[in-house]
Structure formats: structure tokens, C-alpha cells
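J.: Take these sequences, add in the hints, and give me the full structure.
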Amino acid sequence: MKFEAPVAVTEIAAIIGAALEGNSKLMAGGINEIHKVREGDISFVDFEKYYDAALNSAATIIIINRKVACPEGKALLVTDDPFSAFVSLVKRFRPFEPAAKPISDTAVIGPDTIIQPNVFIGNHVRIGNNCIIHPNVTIYDHSVIGDNVIIHAGTVIGADAFYFKRRKERDVIYDKLESCGRVVIEDDVEIGAGCTIDKGVSGDTIIGQGTKLDNMIHIGHGTVIGRNCLFAAQVGIGGKAIIEDNVILWGQVGVSKDLTIGKDAIVLAQSGVPSSLEGSKTYFGYPAEEARMKRRELAWIKRIPEIWEKITNK
Amino acid sequence: MKFEAPVAVTEIAAIIGAALEGNSKLMAGGINEIHKVREGDISFVDFEKYYDAALNSAATIIIINRKVACPEGKALLVTDDPFSAFVSLVKRFRPFEPAAKPISDTAVIGPDTIIQPNVFIGNHVRIGNNCIIHPNVTIYDHSVIGDNVIIHAGTVIGADAFYFKRRKERDVIYDKLESCGRVVIEDDVEIGAGCTIDKGVSGDTIIGQGTKLDNMIHIGHGTVIGRNCLFAAQVGIGGKAIIEDNVILWGQVGVSKDLTIGKDAIVLAQSGVPSSLEGSKTYFGYPAEEARMKRRELAWIKRIPEIWEKITNK
Amino acid sequence: MKFEAPVAVTEIAAIIGAALEGNSKLMAGGINEIHKVREGDISFVDFEKYYDAALNSAATIIIINRKVACPEGKALLVTDDPFSAFVSLVKRFRPFEPAAKPISDTAVIGPDTIIQPNVFIGNHVRIGNNCIIHPNVTIYDHSVIGDNVIIHAGTVIGADAFYFKRRKERDVIYDKLESCGRVVIEDDVEIGAGCTIDKGVSGDTIIGQGTKLDNMIHIGHGTVIGRNCLFAAQVGIGGKAIIEDNVILWGQVGVSKDLTIGKDAIVLAQSGVPSSLEGSKTYFGYPAEEARMKRRELAWIKRIPEIWEKITNK
Chain X
422 MKFEAPVAVT EIAAIIGAAL EGNSKLMAGG INEIHKVREG DISFVDFEKY
472 YDAALNSAAT IIIINRKVAC PEGKALLVTD DPFSAFVSLV KRFRPFEPAA
522 KPISDTAVIG PDTIIQPNVF IGNHVRIGNN CIIHPNVTIY DHSVIGDNVI
572 IHAGTVIGAD AFYFKRRKER DVIYDKLESC GRVVIEDDVE IGAGCTIDKG
622 VSGDTIIGQG TKLDNMIHIG HGTVIGRNCL FAAQVGIGGK AIIEDNVILW
672 GQVGVSKDLT IGKDAIVLAQ SGVPSSLEGS KTYFGYPAEE ARMKRRELAW
722 IKRIPEIWEK ITNK
Chain V
422 MKFEAPVAVT EIAAIIGAAL EGNSKLMAGG INEIHKVREG DISFVDFEKY
472 YDAALNSAAT IIIINRKVAC PEGKALLVTD DPFSAFVSLV KRFRPFEPAA
522 KPISDTAVIG PDTIIQPNVF IGNHVRIGNN CIIHPNVTIY DHSVIGDNVI
572 IHAGTVIGAD AFYFKRRKER DVIYDKLESC GRVVIEDDVE IGAGCTIDKG
622 VSGDTIIGQG TKLDNMIHIG HGTVIGRNCL FAAQVGIGGK AIIEDNVILW
672 GQVGVSKDLT IGKDAIVLAQ SGVPSSLEGS KTYFGYPAEE ARMKRRELAW
722 IKRIPEIWEK ITNK
Chain R
422 MKFEAPVAVT EIAAIIGAAL EGNSKLMAGG INEIHKVREG DISFVDFEKY
472 YDAALNSAAT IIIINRKVAC PEGKALLVTD DPFSAFVSLV KRFRPFEPAA
522 KPISDTAVIG PDTIIQPNVF IGNHVRIGNN CIIHPNVTIY DHSVIGDNVI
572 IHAGTVIGAD AFYFKRRKER DVIYDKLESC GRVVIEDDVE IGAGCTIDKG
622 VSGDTIIGQG TKLDNMIHIG HGTVIGRNCL FAAQVGIGGK AIIEDNVILW
672 GQVGVSKDLT IGKDAIVLAQ SGVPSSLEGS KTYFGYPAEE ARMKRRELAW
722 IKRIPEIWEK ITNK
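So the sequences go chain by chain: X, V and R.
Positions in the first sequence are counted from 1; adding 421 to them yields the working numbering.
Positions in the second sequence are counted from 1; adding 421 to them yields the working numbering.
Positions in the third sequence are counted from 1; adding 421 to them yields the working numbering.
Heads up, some of the hints might be wrong.
Said to hold, decoys possible - Output of the computed footprint for chain X on chain V, the stretches with three or more beta carbons under 8 Å from beta carbons of chain X:
hint, region
1, 526-538
2, 551-557
3, 563-577
4, 610-619
5, 627-641
6, 650-659
Read the hints as simulated data drawn from the structure, not as lab findings.
We treat Cβ as the ideally placed atom computed from N, Cα and C, and that holds for glycine.
T.: Given below as C-alpha cells:
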């Protein structure tokens, strides 16, 4: 998420009540996740095992829960609870704005785009030209949609990231991370009916150019999908996955979060993908393996009675 | 379902054309399912194997398809077809009321709750304070929603139970059970986009306080979910399941009806749960077993070729 | 898809820029798929292996990508790209008509049918009598719905077929097949919340009389479902499948495209059906097999450690 205008790190420190270490002259350009940050970005870290990644990332300002040596030219904002600090920044710089009407006056929509009845288009949404948005679609605030995009009925673009912090000490144990990322849908994408594509926590969820999604597909927060992918109905993909170009996922495939599926990979129906897959291969099963290996395994299973026969009958 | 005011058992008998046995002075307070009935409730039973459970339950008035000895102080309503009798009571005491407008005048909504555009809120719905109901959500009649609840776009609360009686003798063999239960969503719950939570047949479907549901989750009729549960996207749960507190279900897990998942259980992605699971353990696979056992089993499958080698090469 | 009035084959040839071979006096009645064509229909074929099927089908007019001998009494329309020719016919004879209002003036709706708020009903839709269409349902143009049909909230009827041609030579490799089929829902059908039923490419997707669908069910383009079927939540069925009468599919079952499931078959929860299944049997697993065989197989897997013990300990 980019701020509308840069914000002084001292102001950020004041908002979240953090001790400021390092360069107090810095201006923050926005908030982003460690794997996506650029110079000027704020990021947050609250697990020691991720300290190094955060401190060595491109992030200029790091919200952290313990005082450590501040890298040259950066600023640390030290606070007991970086998670809550992040949430308060989101609430301050990207507060939820209730809709005054079904299609916001702040939305910008290309002249040849068709918006069917009962569609909701939130604040600051941008939709390109020559699109069709079918009935009962919901497009949350700040979503960005390119040209020649078709979105079928009932689909939801930009709902909140499903991201909670467990607070064992509380009665209601899950603490919601307010998300401030966006959904960005590139040109020539078609999205089926009844899909849900969540926005990123602070980065963007991206559907690459020319990708086609069938019905009832779920895409988690911050996931980045390449160009010309093809996903069949009822596929589900967790948060912050990277799906490279030309990947084909058949029906009801489930893909876990924080992994990469390489270019040109094919995953057969109902498979489950718990970890990264190399490109240019065909996978099957749960956990997904190369399909020809998996088929061989299924054939071996059928032979167990024969094995039993062999060892008991001689 | 509770009646607005108690109804004389003689009136109930007349409505459904049943023979009344036992205490004819009773007043019926409502209709409920055998596992949830309280004193004053009507229940129905049409399978002999459930007769004892029904007769010994707290239900005061039992619609039954054969004359049996009436327990002390209760009333039996004997009719050939208790299922149809139940349906006629639902139609009489909780008839479908077509909506006059998108947000019913009989709905009660807390003052700081935000209702986004294109939302439907049915008759007699109650929504607490400080909630956000996102666009294109549908909330059927009589649903009850607590405080601090977030419901994302396109979600459907309170659709009919999926419950049919097979009538082999008819041309159209499935006979619909009209349902009169409710959906009750407690405080601090968040429900993702594109979810469907059905109402109970006559009892309530309950989502416990602090529970968080990701997108495209289906919850069947009368299922009771505890506090602080966490369900990932595309989970499906059948009717009348009991999911205790703090249960975590990962993506695309399927849970059958009429079972219990114990407190603190975790079910890994894509698993299928056909029967009850003890709490405080981690499960995996279909049928779901303890994950460490299942992982061992997967390792053994990989060793079948080695076994074959061993028995053929010596 | 039937044309409103017959169209001369010479006009069709002119529209798509094809060379006309054979009977140039023919009138085309409509467009259909090879497995559904009747006399007077146009069909298209662009793979040599399907030439015979197309030429020997009931189709009177065949769009084809190579000049071959024209069967007696038929007409061939020879063009390099039958796929694009088909698309241009759809755009000409069944162009997308943006909606002027949420319920089209050209829709015909039975007098005792209840349409709840926020429903979209497209152009030329026909809905019978005594139906309930719940809130936020979308019914695309040309859909046909019988009597006594219930459609729950958020369901989408008649979205486009998910059908693309891969064009390796292009930058955006998937070329959309514009679909012109319909969804036809027969009498006494109930469809749950959040379902998606796609229209056929040029034939119809049919839900047979008395069939009941639970929530979040996806039915692909051109699939034909028989009478009195029962599908539990989150079932997905690919395109052009044939599901015969009385078939029961339990929750999260996935069914591939272009196959047949025979009458009275039962498929247990989470199973995957990659190819046709005989009727009157119960199936389970992926790939789905007869349940009793599959259960035996699961029992054998459990015995691998015993086998290992036996061969290593003696």
C-alpha cells in the first residue's frame, strides 16, 4: 500500500507509540510485506527468526518488537506489539470507508465497459475499457481492473485477507490483521461466477494478463498469478502463493500458501499442493507428485494382495 | 423454533389431523429436534428405531406414526405421516413471507452497524452493534447476528436445510422438509466472502463467539460450531455436526453430518471426516486419521516396490 | 441454439467468409454440438479425428477447416478457422445484450412465482409458476426455468461456458469461445445457495425434473442431469457430462467432463470421477471405484507393515 503522500517516520512513530532508532529524517512511502518491499516502505516483524530477513530487506523502516542494531540509513520503530502497530497504521491511512452508493463516485470506469445491474463498485476502484462486469459482482475499494476483463456474476474481488494473530491470553483469541493491499487484475482476464479473490495484507494480489478462471475459485491474499494460466472450477489457492505463467490447475485442486508453482506446470484434478512444484511437469495426488510416479504408486497398491499371496502361499 | 405464544396441543392435533393420546391439556411452546428439545417442545419421529429416543427425550409432544404407550404427562399425536405433519406445522407457524423490500422493516439493526449496498436483510432478522455487512450478502428471515460481526460479500446466511424424504411411490421422489430453525451468529465472528450457512430444520445453526471463517465455506443445517474456531477456504460441513471450541480446519476439508470434532482438534487440508474425532489431535487424509499415523502409512506405500524386490529377488 | 427464423446457408457462408460446398439451397435452423445436433443444425469441427463424427452426424451444415467430400444433401463451409467462424455466428445471432434494468421486460415470469429483492433476470428468460427465486440470484439471458422451482440466494444460472482455444502463436494464448446455449431447469428442482450452473456452448445445460442440489455446486456447460438426482454441497461437475436419473453425489465429489454416470449410482463424499461409471453401484475414492473394492484396498494398505514384518523376520 502506498501512502497518498510520504509520511515522516517521526509521525509514524508517534501514531504507533514506538521508540525511533536510526535515521529520524526518513519519509515513509507506504507499507509492504517483506518479500515485496521497496525503498521507502515500512514493514513489520514480530518473530525473531524473521529479524534478519526484515532488517536486510529493501524496507527502509522496520517495526520490530525488540531493540536491535539499526542497519545504516534505516529506521527501526520498536514497540511491544508490531502487529497492533501495523493495524493502527492501516486504520489511520486506509480506513474502511462505508459506501454511499452501489457504484462509488470515486471509481473510474472505462467508457466501453458494461456494468450489469446489482454490481457493487467500491471507492477508488479503477476499471479499464471494454470490460463486462456481470450482475451481483462485488468489487471492494481500491481494486484495479485492466482492459477486456470479464467478471461473471456473484464474484467478489478484494475481500479482506484471512489473517489473524492468536492471542492465547484473551477470551476471543483471534486478532484481525486489517489488510490494506489491493487486488490487481490485468488485461484480458476472465473470472467465472462465484469466485473470491482476496486483497493482499499490504502488497497486491495479482491475476496476470490473459489468465482464465472458471467458477467458484478462491485466491488468497497476496497471491500472484502469472500470465495465461487456466484454472478449472472450485480450485482454491492460499495466501502469498506464486503461480507462474501458463500453469494449468484442474478442478478442485487445492494449493497451500507461501509456495511457488513453476511455469507450464499442470496439476490434475483434486490434487493437493502443500509445497513448491517445479515447472513443465504434470502433477497428481495429495501431496501432489509427478503424475506418472503417482500412477505407478496406485498400480503398486493394487498389487498388495498379490504380494500377500506370494509370501503366504509358498 | 419457538411459537410466538403457546399453542394448545388440541389445536396442533387438529391442524395435522392426528389422533391425540395422553395429556390433552398441554400447551406447545415450539418445535425442535430430538437432540435439542426442551420441555414444552414438539418433536416428530417416523422410524421405529428412533421411537425410544423420542419418547424419552425432553419433548412434551411427539408426532409419531404408530400408536404406542404414551409416557406419563406427555402427549402423542399419531398420524401416518409425521414428516408431512411437521411440514404443515412449519407452513402454519412460520410461513415463508415474501420480502416487501431489500431490508425488512421488521429487522432490528444496531446503531453502529454498517450495511453496505445491495444487501438483503429478511423479516425479523436481528443484527447487533458494530458489525459490517458487505455488499450482496443475503440474510434470510429470523437470523440472529451478534456484535462486532463482519460478513463479507456474497455470503448467504439462513438458506433452507437440505433435507428431503424419499417417496419411492411418487414420480418426483424427493419431498422437501420445510425448515423453521435459525442461524445464530455470536459476537466477534468473521465470515468470509461467498459462504453459505444454512438454517436448522427446527433447531438453530450456531457459529460460536470469535470463530473466523475464510471464503466459500459451507455449513449445513443445525450444525453447532464452538468458540474461536478457524476454518480455511472451501471447507464444507454437513448437517447437525458439533464442532467444539478452538478447532482448526484447513482448506477444502469436508466434514460429514451428525458427528463431533473435539476441542482443539486440527484437521489438515483436503481431509475428509466421516465420523467423530477426539479433540487435541491433528488429523489428515480420507478417512481422516491421526496425521502422524497417516504420514507413516504414506511412507509405507512408497516402500511397496522394495517389498516386491525383496520377495522376488531372493 | 435455434435461430429466430431459418437462415440461408449462403448467408452463413458470407458472414464467416467460408467456401460453400454441397447443397447451397439449405436453410440453417440453429447451431448445435455434434452429440446433440438435429437436421437443419450447423455444427463445427476443426480436428481431423472428429471429421467422421461431424460428417455422419445429423448436422446439415458443417463448418470445417479442410475441403473434404460433402455428404449427400448436406453443405460444408470450408474455412481456415472454424472456431472463429463459430464465434462470429454467435456474436451475430445471439449477441450479448446489456441489461437495461435488473429484471428484463422481455422476461416471462409465472403469476404465482415470488422474486425476492436484488435478483437479476436477464433478457428472454422464462420462469414458470409457483417458483421462489431468493435474493441476489443471477439468471443470465435465455435461461428457462420450469414450475415449482426454488433457487436459493447468490446462485448464478447461465454464466458463460468455460471453453477456450489455445493459440500458441499469440501473446494472450486463450481465445474465448462465445457460448450460445442455455440453461434449462425442469419442474420441481431445488437449487441451493451459491451454486453456479453454466450455459452450454451451443446446446443446453439441463437439470432434470425433481433434482435437488445443495449449496455451492458447480455444473459445467452442456451437462445434462437426469430426474430426481441428489447432490450434496460443493460438488463440481465438468462440461458435457451426462448424469442419469436418481444419481446421488455426496459432498465435494468432483466429476470430470464428457462422461456418463449411470442411473441410480451413488458416489461417496470427496470422490473423484475421471471417467464413466455404471449405474446402480456405489463408488468411492479417486479415481472412483466400487466402494467395497476401495475399502478392501484401504484395509490392505494398513497391512503393509505386517507384510514387511513377515518377510524380514523369518
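J.: Are there three or more residues in the region 563-577 of chain V whose C-beta lies within less than 8 Å of some C-beta in chain X?
T.: It holds, with 4 qualifying residues against the three required.
J.: Okay, the region 551-557 of chain V and chain X, do three or more residues pass the C-beta test at under 8 Å?
T.: Answer holds; 4 residues pass the 8 Å Cβ test.
J.: How does the region 650-659 of chain V fare against chain X when you require at least three residues with a CB closer than 8 Å, holds or violated?
T.: holds (count 4)
J.: With a C-beta cutoff of 8 Å, work out whether three or more residues of the region 627-641 of chain V approach chain X closely enough for the coverage to hold.
T.: Coverage by chain X holds here, the residue count being 6 at a Cβ distance below 8 Å.
J.: Are there at least three residues in the region 610-619 of chain V whose beta carbon sits under 8 Å from a beta carbon of chain X?
T.: holds (count 4)
J.: The region 526-538 of chain V covered by chain X? Criterion: 3 or more residues, Cβ-Cβ distance below 8 Å.
T.: Coverage by chain X holds for the region 526-538 of chain V (3 residues, Cβ < 8 Å).
Every hint, counting from the list given before, is met by this structure.
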